[in-house]
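Going line by line, the protein sequences match chains B and V.
Numbered per the numbering used here, the first sequence spans residues 1 to 223.
Numbered per the numbering used here, the second sequence spans residues 1 to 324.
Any given hint might turn out to be false.
[What the hints assert, rightly or not] BS3-like mimics (lysine-lysine), calculated; alpha carbons at most 27 Å apart, straight line:
(1) B/Lys38 to V/Lys61
(2) V/Lys30 to B/Lys38
(3) V/Lys30 to B/Lys141
(4) V/Lys61 to V/Lys86
Hints in this document: simulated from the structure, not taken from any laboratory.
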Amino acid sequence: MKNRIQRYGILVRLEHWTVALSGIALIFTGLGCLPLFKRYYIIELPGFGWTADFYTVTKIHYIAAIFFVMGVLFHLFYHGLRKDFGLIPRPRDFIDSFKVILASFGIGKEPPCDKWLPEQRVAYLFIGLNILVVGGTGFLKVLKNLEWVVFSPKAETLLNLTHTISGGIFILMFIIHVFFVLAVKPNWPLLKAMITGYVDEEYVKKRHHLWYEKIKGKVNLEG
Amino acid sequence: MKLTRRQFFELGGCLLGAAIIPRESYANAKKYATLIDITRCDGCQGEKIPLCVRACREENKERFPNPKKPILPYWPRKNYEDWSDKKELITTLTPYNWIFVQKVEVEGKTLYLPRRCMHCDSPPCVKGCPFGALTRQPEGNSVIDHNLCFGGAKCRDVCPWHIPQRQAGVGLYLKFLPKYAGGGVMYKCDLCDSRIKKGEIPACVIACKNQVFYFGERKEVYQMAYERAKKEGLYIYGDKQNGGTSTLYLSPVPFERIDQYLAQTKARFRMPVNIPNRYHQEINPIGKGMVATAVLSSLAGIAGALMNRSQDDSKQKEVDRDEE
Numbered sequence: 001m002k003n004r005i006q007r008y009g010i011l012v013r014l015e016h017w018t019v020a021l022s023g024i025a026l027i028f029t030g031l032g033c034l035p036l037f038k039r040y041y042i043i044e045l046p047g048f049g050w051t052a053d054f055y056t057v058t059k060i061h062y063i064a065a066i067f068f069v070m071g072v073l074f075h076l077f078y079h080g081l082r083k084d085f086g087l088i089p090r091p092r093d094f095i096d097s098f099k100v101i102l103a104s105f106g107i108g109k110e111p112p113c114d115k116w117l118p119e120q121r122v123a124y125l126f127i128g129l130n131i132l133v134v135g136g137t138g139f140l141k142v143l144k145n146l147e148w149v150v151f152s153p154k155a156e157t158l159l160n161l162t163h164t165i166s167g168g169i170f171i172l173m174f175i176i177h178v179f180f181v182l183a184v185k186p187n188w189p190l191l192k193a194m195i196t197g198y199v200d201e202e203y204v205k206k207r208h209h210l211w212y213e214k215i216k217g218k219v220n221l222e223g
Numbered sequence: 001m002k003l004t005r006r007q008f009f010e011l012g013g014c015l016l017g018a019a020i021i022p023r024e025s026y027a028n029a030k031k032y033a034t035l036i037d038i039t040r041c042d043g044c045q046g047e048k049i050p051l052c053v054r055a056c057r058e059e060n061k062e063r064f065p066n067p068k069k070p071i072l073p074y075w076p077r078k079n080y081e082d083w084s085d086k087k088e089l090i091t092t093l094t095p096y097n098w099i100f101v102q103k104v105e106v107e108g109k110t111l112y113l114p115r116r117c118m119h120c121d122s123p124p125c126v127k128g129c130p131f132g133a134l135t136r137q138p139e140g141n142s143v144i145d146h147n148l149c150f151g152g153a154k155c156r157d158v159c160p161w162h163i164p165q166r167q168a169g170v171g172l173y174l175k176f177l178p179k180y181a182g183g184g185v186m187y188k189c190d191l192c193d194s195r196i197k198k199g200e201i202p203a204c205v206i207a208c209k210n211q212v213f214y215f216g217e218r219k220e221v222y223q224m225a226y227e228r229a230k231k232e233g234l235y236i237y238g239d240k241q242n243g244g245t246s247t248l249y250l251s252p253v254p255f256e257r258i259d260q261y262l263a264q265t266k267a268r269f270r271m272p273v274n275i276p277n278r279y280h281q282e283i284n285p286i287g288k289g290m291v292a293t294a295v296l297s298s299l300a301g302i303a304g305a306l307m308n309r310s311q312d313d314s315k316q317k318e319v320d321r322d323e324e
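Start from the sequences and build out the full structure, keeping to the hints where you can.
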């Protein structure tokens, strides 16, 4: 039997899937808030009649946002205070990302990687910043709707517009993220790891050589 | 990105401060309201156009839409909303007519009700607009920025009275994907925002010869309405509906009867009495849950981090020990 190495603990997987699934619900209901569903007959699809009512769509958006906020804030505080900074971009990551992406399509050779690929660190930075903007503006919108804070008309416009635009960027990043996981075969073990928590030792040896050197023979090996 | 706990709280403090500052100016600004006394309105019998309607059209004519033709249908649908050949229509709300006088017959009485945006205290149109085109002004009125509006008409759907009206073939959406998204620009009464900001009175109020309208400070208008209702046995509309508004109607007959008549005659604009504010009732409780979750999940993250050192740290220490 192949040796397996733990890549993602249960907490990380829970954080990821909480943010991912609530993010999908937020994207769907966010588009419904735009409004697009009536025009594009979504409200007429069986089981989607509820999307005709903006208040219901907003309610589901809020409920999904509860889980999203939970995942994001737990992630920020837990990993921030533990100093789990493996996903913070390093110098040369931008250049190395291109090398990794090209290598995924069979062009050139991947640079030796640590636990996280340089493209993952770059993606984390951009997705993370975008989540802070879309989540932060969303949170402020909630406070505004609660009338706990009152914004000036110009600030209100800026807030709503920023939430909508950063929501659009979130959709774009979500599509890119899912594309690179599903369409790029070398990344499939990472998807499996995000579900089971483990990757094969062979995969680590081949693709995450720097990480492999750090852990080989010492921790988390199962056989 | 490194953000220490201290920096995090500093940032939070700054954001909170920035949010609170406008609250001060907001609280100090004058809030207005309009009292519409329908016991005095005769629909301007003898006039070609009711005076309030005429004054409103005159005041806002420069802001009326001038659509670019041909207008594209809202793909994949075949329809589009075009009122540009009905500019003279004064018996309903259109992008070219932001106030109209509604005739109602109840209990043998003929009543005339000037109808326009109610300017809600907690306006769902403002809360719901995804582009921030709608804002609530410090004076208490809701205003559509015609340059920002994409014409999705969500404001009309969430408005309990469905007041805003759409004109296709005009506005920002034409610059993006006019075939696939957006539908024009929404138009409605803004309570003569530019006039009231200068301390003037809305055009409809000035134009009325029967003093149907009284425009003044909100507190005073509310007080006046309640006093008159009590003294003269009149009914009030607009103080409770949708969580309260800046427009109060005084009527000699109950508004339930008025709305009954409007329902029977299949009127485009109704006056339902029981209108809860759905943001207050259905959405904000979830919002409170979200705030609580934010606090709890932050605390859980902090507690978890204090209990569990970084795996990398502990692993590193294990490695160090092994090497010793």
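Would you check the hint for V/Lys30 and B/Lys38, treating anything up to 27 Å between C-alpha atoms as holding?
violated (39 Å)
Holds or violated: are the alpha carbons of B/Lys38 and V/Lys61 at most 27 Å from each other? The hint is violated at about 32 Å.
Item to complete: Verify the proposed pairing of V/Lys30 with B/Lys141, using a straight-line Cα cut of 27 Å.
Response: holds (24 Å)
Agreement of V/Lys61 and V/Lys86 with the hint, judged by alpha carbon distance not exceeding 27 Å | holds (14 Å)
Against the hints set out earlier in the document, violations occur for numbers 1 and 2.
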